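K.L.:
Letter by letter, the chains look like this.
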Amino acid sequence: MDFTLTSDQEALQDGVRKLCEGVFPMERVRALIDVGGVDRALWRELADAGVFSLRLSEDDGGAGLGMAEAAIVFEQLGRALVPGPLVWTHLAAGRVPGAAEGDRVVGGLQRRDEPFVVEHPDVIDVLLAVDDDGLWEVDRSRLSARAVDWPLDPLTPVHVAGGLLRGERRGVPGDAVRWRLEGTVLVGAYLVGMADVLTERSVDYAKSREQFDRPIGSFQAVKHMLADMLVRTEVARSAVYAAAVHLDEPALGPPERAVSGAKLLAGEAATSNAKTATQVHGGMGFTWEVDVHLYLKRAWVLDTAFGTGDDHADTVAGLLSV
Amino acid sequence: MDLLWSESDERFRAELRAWIAEALPKLPPEPKREDWAARRARDTAWQGMLHDAGYAGINWPAEYGGRGASLSEQLVFYEEITKAGAPNVGVSVNFVGMLHAGPTLIAEGNDEQRARHLPAILKGEEVWCQGFSEPAAGSDLASLRTRAVRDGDHYVVNGQKIWTSFAQVADYCELLVRTDPESKHKGITWLILPMDTPGVDVRPLKTVLGSSEFSELYLDDVRIPVANRVGDENDGWRVAMVTFSFERGTSLVPEMVEARHQLDELARLARTVQRGDGTAWDDTGVRREIGHAAAELDALWNLVKRTVSEAARTGVPGVGASVVKLYYSELIQRIGDLALRVLDRASLSIDDVYEGSGHVVEERLRTLALTIAAGTSQIQRNIIGERILGLPR
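Sequences listed follow chains W and R, in order.
All residue numbers in the first sequence are consecutive under the working numbering, ending with 322.
All residue numbers in the second sequence are consecutive under the working numbering, ending with 1393.
This is chain W alone, in the form it adopts within the complex (with noise of 0.2 angstroms):
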């Protein structure tokens, strides 16, 4: 038992942090509004990097890269609030020609019940479905689209559907059960990685305004905001690395606990700490300039990714031993 990062995932960490810093930055964040979230020439950057494929073995083309180290780049990804459909992507490498190269974005739907809200309906080459059944390549011609002028978060546009989700099989219901438990991991990661930089983010802040000729930071009803948001990220990211490892080593016993917790406490950090934030950043944390509603908003979106905290709390009744 040594559940710290190994040499090799902390390379990895720091690898993509700076990556994302000079890929990512926020004002080319805040560009890829205009253009739906993605923007294909920095989409094959995350390509390039292995964003997609490092858990393809060696001969495909991959890293052979586990869960663990899967995580680990999501949170990153997560920190710098990279925008578009990566979580179906990097599931489709493999599986959906083109998706580990970042030639085609890939979106997808785990969610049976009507309506269907497709995220990134204009940039994304192919749909995907996630259902007991299987894995479906979504026939889109068989869909009803409404388009949606004013999405929650502006980097994650979407549009309304109705119809059927199928189309051409790309995997067995085993395929689908295993695929829900990677994506809610995935996504679990990058909403840590949300709540780690708003704490930061908040902590800074407050150790700069100054109201009553103190920074605020220093009094405590606004001290002990902040550390209930480090609190409550380390707690998730224990959740959810446990969760990345328990889907990497089958000696552990059945994975769905552990999963469904670490994402219940991830979502419940994120949100929790983007509304933390907004509170600590004051009437600014309340204008379109302040970066903070970008990530309360893909906080909110994600929170209903590969199932909601309530979905994940009745999983965790129902596996508890009596």
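It is worth saying that the hints were derived from the structure and are not from the lab.
In this text, all values refer to a predicted model and were calculated from it rather than measured experimentally.
Even glycine gets a Cβ: it sits at the ideal position worked out from N, Cα and C.
Take the hints with a grain of salt, since some may be wrong.
Unchecked claim - Stretch-level coverage of chain W by chain R, calculated; a stretch enters the list once three of its residues show a Cβ under 8 angstroms from a Cβ in chain R:
#1 1-7
#2 216-226
#3 261-267
#4 305-315
What the hints assert, rightly or not - To be clear about the criterion: a stretch of chain R counts as covered by chain W if any three or more of its residues have a C-beta under 8 angstroms from a C-beta of chain W, and this derived list gives those stretches:
#5 1002-1009
#6 1209-1223
#7 1336-1346
#8 1374-1387
Fit chain R to the given chain W structure using the hints.
P.N.:
Frame of chain W, contents of chain R only:
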């Protein structure tokens, strides 16, 4: 990141489990809460059994008679002890001796003090209590006022201590006294007080549980030999804090293992408690909150593993240790609230209404102390804000 126990950890676990299975039935049954003599006898008997089997002082260095176990073995130890229902050191009448006074003597005591006390603590022959807090010195412990004045080769001590757990059965007390009224942290001295010294008056305090774990300690011209001083005069604050640097985030492990068991128990109780045509478990809200709490406990357990792993690698526990205490103490109270809701009117009885329901109510009361003792939640948030996040005071 690796969560599988090593082969040697698993071997350690198997040996320990076998020993517990053999040893535990020999222990007398748990006495009544207020039968202090019997509680001391039972806890020290268990300590003696641990000692004879080589498990005493699991986290103490081997050169001072401890097991010197690795951090992962310590986790395994607490896990197995708790799962088996064996007495945990954290709730023993001698938790101060094992977890604080002993480790302090290891770090700061002289050879004579170590030889006199450490083996006796490990064998279960000596019980310690703690004389730190005072009525006017709680969260601001360093403002303590119990005065010690030098008189030849003795200190003459006058003052009052409070929240002294198990004082009525203790042989010694780790006592913080004021030796320099002109300075605050640098005017405190750490003394070994034999509890049978004339002038020591133990007055039990009744807690919300209706029993007297705590006492007040009145000290009236108590003469303590200078030879009983640990560390230098006026250096007692540092001496008292030194054990915190040994703290590797494992202190709450037994509690947490027990809490996971309690949550399973709560789920079982919820399936028993009648509600309308079904049981409390049929209530989606209740079920969902139980699932939520389970996810949090799982996550905290993994945070402990992260913290312990970081400590093993770097020697420093990292941010985890501060987070675990704050989060766990508030979580266990929320679980308690949930349990009372599940029990509904059955929560009016601390005697069992359903099997195990009384314990659940008692736990809700007991855990009120966890957000207050050893640094209130508010102090913990200050520590996280100032020492980890670097916010200004």
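K.L.:
Now look at each hint and say whether the structure bears it out.
P.N.:
Right, here's what the structure says about each hint:
no.	hint	verdict
1	1-7	holds (count 6)
2	216-226	holds (count 6)
3	261-267	holds (count 4)
4	305-315	holds (count 6)
5	1002-1009	holds (count 6)
6	1209-1223	violated (count 0)
7	1336-1346	violated (count 0)
8	1374-1387	holds (count 7)
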